[in-house]
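A.B. asks: Chains as they are written, first to last, in full-length UniProt numbering: chain Z, 1 to 401; chain W, 1 to 401; chain F, 1 to 401; chain P, 1 to 401.
Hint data in this document are derived by calculation from the structure and do not stem from the laboratory.
The beta carbon of each residue, even a glycine, is placed where N, CA and C say it ideally should be.
Treat each hint with caution, since some may be false.
Partner residues aside, some chain P positions facing chain Z, computed with beta carbon under 10 Å [what the hints assert, rightly or not]:
#, residue
1, PRO19
2, ASN161
3, LEU267
4, ARG273
5, PHE326
6, THR358
7, SER360
8, ALA381
So the chains spell out like this:
4 protein chains.
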Amino acid sequence: MTLHTGRHFLQIPGPTNVPDRVLRAMDMPTLDHRGPEFAELGHAVLAGCQRVFRTKQPVIIYPSSGTGAWEAAIVNTLSPGDKVLMAETGQFAVLWRGIAEKFKLDVEFLSTDWRHGADVEQIEAKLAADREHKIKAVCVVHNETSTSCVTHPFEVRKALNRINHPALLMVDTISGLASLEYEHDAWGIDVSIAGSQKGMMLPPGLGFNALSEKALAASKANTSMRSYWDWHDMIAINKQGTFPYTPATNLLFALKAAIAMLEEEGLDNVFARHMRHGAATRAAVKAWGLDTVCLDPHAYSPALTAVMVPDGHDADAFRKAVLENFDMSLGTGLGKLKGKAFRIGHMGHFNDLMLMGTLSGVEMGLDLAKIPHRSGGVLAAMEVLKGRDVVAMSKSKAAVA
Amino acid sequence: MTLHTGRHFLQIPGPTNVPDRVLRAMDMPTLDHRGPEFAELGHAVLAGCQRVFRTKQPVIIYPSSGTGAWEAAIVNTLSPGDKVLMAETGQFAVLWRGIAEKFKLDVEFLSTDWRHGADVEQIEAKLAADREHKIKAVCVVHNETSTSCVTHPFEVRKALNRINHPALLMVDTISGLASLEYEHDAWGIDVSIAGSQKGMMLPPGLGFNALSEKALAASKANTSMRSYWDWHDMIAINKQGTFPYTPATNLLFALKAAIAMLEEEGLDNVFARHMRHGAATRAAVKAWGLDTVCLDPHAYSPALTAVMVPDGHDADAFRKAVLENFDMSLGTGLGKLKGKAFRIGHMGHFNDLMLMGTLSGVEMGLDLAKIPHRSGGVLAAMEVLKGRDVVAMSKSKAAVA
Amino acid sequence: MTLHTGRHFLQIPGPTNVPDRVLRAMDMPTLDHRGPEFAELGHAVLAGCQRVFRTKQPVIIYPSSGTGAWEAAIVNTLSPGDKVLMAETGQFAVLWRGIAEKFKLDVEFLSTDWRHGADVEQIEAKLAADREHKIKAVCVVHNETSTSCVTHPFEVRKALNRINHPALLMVDTISGLASLEYEHDAWGIDVSIAGSQKGMMLPPGLGFNALSEKALAASKANTSMRSYWDWHDMIAINKQGTFPYTPATNLLFALKAAIAMLEEEGLDNVFARHMRHGAATRAAVKAWGLDTVCLDPHAYSPALTAVMVPDGHDADAFRKAVLENFDMSLGTGLGKLKGKAFRIGHMGHFNDLMLMGTLSGVEMGLDLAKIPHRSGGVLAAMEVLKGRDVVAMSKSKAAVA
Amino acid sequence: MTLHTGRHFLQIPGPTNVPDRVLRAMDMPTLDHRGPEFAELGHAVLAGCQRVFRTKQPVIIYPSSGTGAWEAAIVNTLSPGDKVLMAETGQFAVLWRGIAEKFKLDVEFLSTDWRHGADVEQIEAKLAADREHKIKAVCVVHNETSTSCVTHPFEVRKALNRINHPALLMVDTISGLASLEYEHDAWGIDVSIAGSQKGMMLPPGLGFNALSEKALAASKANTSMRSYWDWHDMIAINKQGTFPYTPATNLLFALKAAIAMLEEEGLDNVFARHMRHGAATRAAVKAWGLDTVCLDPHAYSPALTAVMVPDGHDADAFRKAVLENFDMSLGTGLGKLKGKAFRIGHMGHFNDLMLMGTLSGVEMGLDLAKIPHRSGGVLAAMEVLKGRDVVAMSKSKAAVA
């Protein structure tokens, strides 16, 4: 057993800090998943998920990781050989492409420098060039957790609409949902992919797909082999509040509690809080004289901030110093950012003082790990947190969609 | 919220009653699944699972239901068109076949009357006739949860060995593991399939595969499309105590606690306890003048007992009476036993007085639902529970494998 | 750590089985006991306690055992040398007298055979003879937990009123409150004494006093030394929802949840449930051919049943057999019933099947401990539990006050 | 229900933040407090408390607040009219005197300015003047929670010894125990008084007395009326691991877990951690240009820091701003410091980043409440936290006793 005096700071960009109320809801005796009490729960969480995704269409809840929800999106709607357009916004886009390739899709992967969101103009150009509509789906990562760059899904939808391209729009919002504004229906998303352990404030173990009518039609026509991930059995039996196979009952207890907490705070307030914390964190990074990975203010993530360490320094040695000295977990640099960047999660069940503890730990860790920087990031962050105007500003900036 | 005065009796044959200690272990803050503290946990649960399955080979832990673990066994080792031999021991065999067919396997399904285990002689005959070794796998359900009939996996292994057939032996021990004696290595099982919510005393949300070297070799040669369920990525990264994608961390906390409890009691004591409870339950059924679904004493399940209701009576009306009057959930009749049988779960975290509460509820429910029966089943059960000899006897009988 | 397979049966007559919902409520972070969030909690539990005691007067909540609440009743209202009339209904009456004597009260102790409630006629006679009103208080135990004999407090009040005696009526309802009908105001009780760990379904750690205006006036006039137990500081600051010293915050969280559960079930339903379980237990005792300690049907307790073992047999050897074989705790014989009686608690968070598990454990234990008895008590209990008429009958009988 | 996003910062100087492990230990089913499993627990916590108090003599555990433990110390050893010497170190000394006066002791109250610990020279002078040894006890508060001034109990013991005065030495270490070095036996303390909700990291609900042989002898000779608080019944039955009346079982579960955590960290490490956090907090206060209430470096508390607000400003308006803006509870100014000071708790289950969150909240709150101050306290605190030398220094300074 690791010794903890005081609470661990779990500031990786997911899993996030789970509220006590959610943990305690999970810590109740398991129910008969075929009985009437369960059905009430099932209806409640399915409807609650619709409200969080802002959709009238079905939401699918899998006992799985978010990875499973990626796979589900693919096997339900696409067949081997189908062409898909994906944007290489970072490591999670790379991983998703990996799954697509395992299922023998023909992936066109539009590269970025991993320091911006997807290039929507390039996507539009590719789609426009696809006169025969061979591209069956466009796949983007809403909040690229490896880079803290946001791709605004509604901009992609508008691009598709401008050229009237029938491809499905699939969005990985695993670390976006319930942290960043998200509108499954209003933004014309066909398949949204999410997981429990980020903005939803739950332990890992649930994967989500939100669907559109078009995605459902595509899945009906699709003959790809699938069973566990199949939407249709799920939707059919979900109508009774139950599931085709044993669901992760206790995580559903937790889900119900988490949705209640999100709705008590109000989703708009949740989004504003994340933007505020993103702004404060970036103010600290700037004061330290460091660079965020993300170079485009329009793409700054409210949910996490990835930070470059200067050349010749090892981000993971820094993270180790922070863990050992201050009992805080930060996210590692992933893929080509390995050793070059670290990531500060500020999403989920979080508040100003937890953020200040987090940023203090980063500032002290920079010092202990001898990463060149200026002190005073915490003061800069406090300036943001004290000022309510700043928040309003960053909101109006961020609310571009 | 449903009103409960006192504890609900969750006597479906899974999910089972989760110990408070396991629930409380689950109810701890989520960890960084890439950090050193998690790695200790990962190593501990992977090694613990090996001890429970009694194997030196890898055990795979999925964030999934048991259904997912079925699918995993198939997609890792078999390809469309492969022939498999399955025994229709009951509804779960039927469901597993359904998955096999979705993955386009060529299933030969050996029927039973749903009141016995698999017919091992028939399996042996089929294999013997398969001179070209077209059959790639034999799939049996260890503890058929729809009928409470056990198929002894070691007998199937001996049949395979007698005729030197190279087919893989796949065993669904979802409701067998940690309730009935099970020896993955010693019995020559190639793929064992299990879930968390039965004898393992956990909430649902974890699926397991235990493997043999032969199964691993088969999976390496197998080109079927798969990603989430792929064993190889899992095994490779499990060596560091971590997982290729975010695991269901809090269920792993629970798993560690559950394995500790099983080992504190001693697996042999766990098995003996289940046999004793099976014997007591069958004594009650006999005293009521009712029939167990299972007609073969060699196949009686220690984990649950399925009971026929007399013709002209509705098992589900009876179950409803029990639920409404006594706050106890019993298992419904599945598939062709719908309405004709009910099932009493007595597996997992359970003891004599919980069993007596259960059987009392059944006896009173039979009366309230006007199912013809004799009273006194509870007395017969108490006779078994009081007598330690009876247990020893039933153990020697049951330990045929 | 003791090994438990399945749940322990905690069938002592308190502490009782605490609902998961109550335990989980208690398992939340402690609050600032001077902050606004606490004040909401404080108001809620103080008002809730008034509803449970059925009083408009203040209820005092101490961080203490029930023993502390006994002491509080004495030191607030009585002074050394004051004469009090107490009825020796059993061991708890004896203990209460012991406290009274430590505080130098002049106790007249009216003996019983420990197999009936208090002799109200004798009390009335004593009071009638006290022309000078030297008796300052009459103290009775509502539900004598050592004998399972009820003394009906309203009958004592009527006796006091008939002869117009000004003595305070103090009632220990530690194991009565929230199990048996209780009306602090309507029955004219001056001080009610209770604890958390019985019908209130909480862990031990809270003691209660409910007061009358007359008791409050007496306490104002009383110069006895006291601080911790003093009502006045408590009442004054309780008006703000807070407490004069740090309260047992987490037990107050639990109290709020427990009151909510009692009110969701409805107190009248709670009382009816206890009467039904008392009737079923006594039917079992009768079928076993054993005697209840309580000889007066008018005094039968709905909350627990004390049972005599035949001469020459040791009740504690029997209890040990039950604990070791069936993991059930029963209550020991107290005081002069040591070794001669055991007690079955059936109060608090309880239901029919828990009772049947309990009675089955008693019946099997009688056999293992070779206590002469007839089998079939469990059948007799089931007859009561199945029949709804019986309940109605026993209610009309019991509701004599 | 109050809305919390993220965790509340409970930085009052008690109740403190309770570790999840302790809460979860408390959240287990209540036991039979007369059974063998309980006895193991009883022995374990009684022995554990002895190790924490560093005594071989009995420790008494009451279901009570710390206030109750004050009263217990008095009623066991002293009688009405007895003379006691108390030092008015702050509000808690005043409250304790209030209890002493309710029990009609003759209190000589040595005043301080509330900005220093007790004046040990003055105490020694008073004792020296007491040639007839009328003073029966000297009572000091170890860690005066209203002022954050420490009185070193060993210095008082040395004063008593120098003049060979037989008075009992009673020490309130309610907020000292398990935060500051404490040696009941080695320092010659006769009665130590403590509570659960401070350095012990438990919810409120347990009070403690640790005793000396001399205190026990005094209590045997003392004829004061007492029952609940009586040490002798307690000590006699504690020998079997049980208690004379129903203990607060679930808080004892929690106590066992808390002692385990303290011992895993090591009490010396616990003390060093508190000193480090005290030093960091005072560095922040100094940087803000504010004054600590405590003016004597020898008396600085490692457990909390009371801070003066400049004249003309309201400490409670500041606290309200902090609570409403940052969801942090700070301690109010007590008694004559009402409105003039606030208190920052940094005791119990705590770490560097929780402290930085806390100090950031104070710094931002000072700004929002327009309390004149310089910014940068958080930077000064980080300087202390980063430097391990500073800690060693402050330890050598503080370890004067």
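A.B. asks: Of all the hints numbered above, which does this structure not satisfy? Sort the numbers upward.
C.D. replies: 2 and 3
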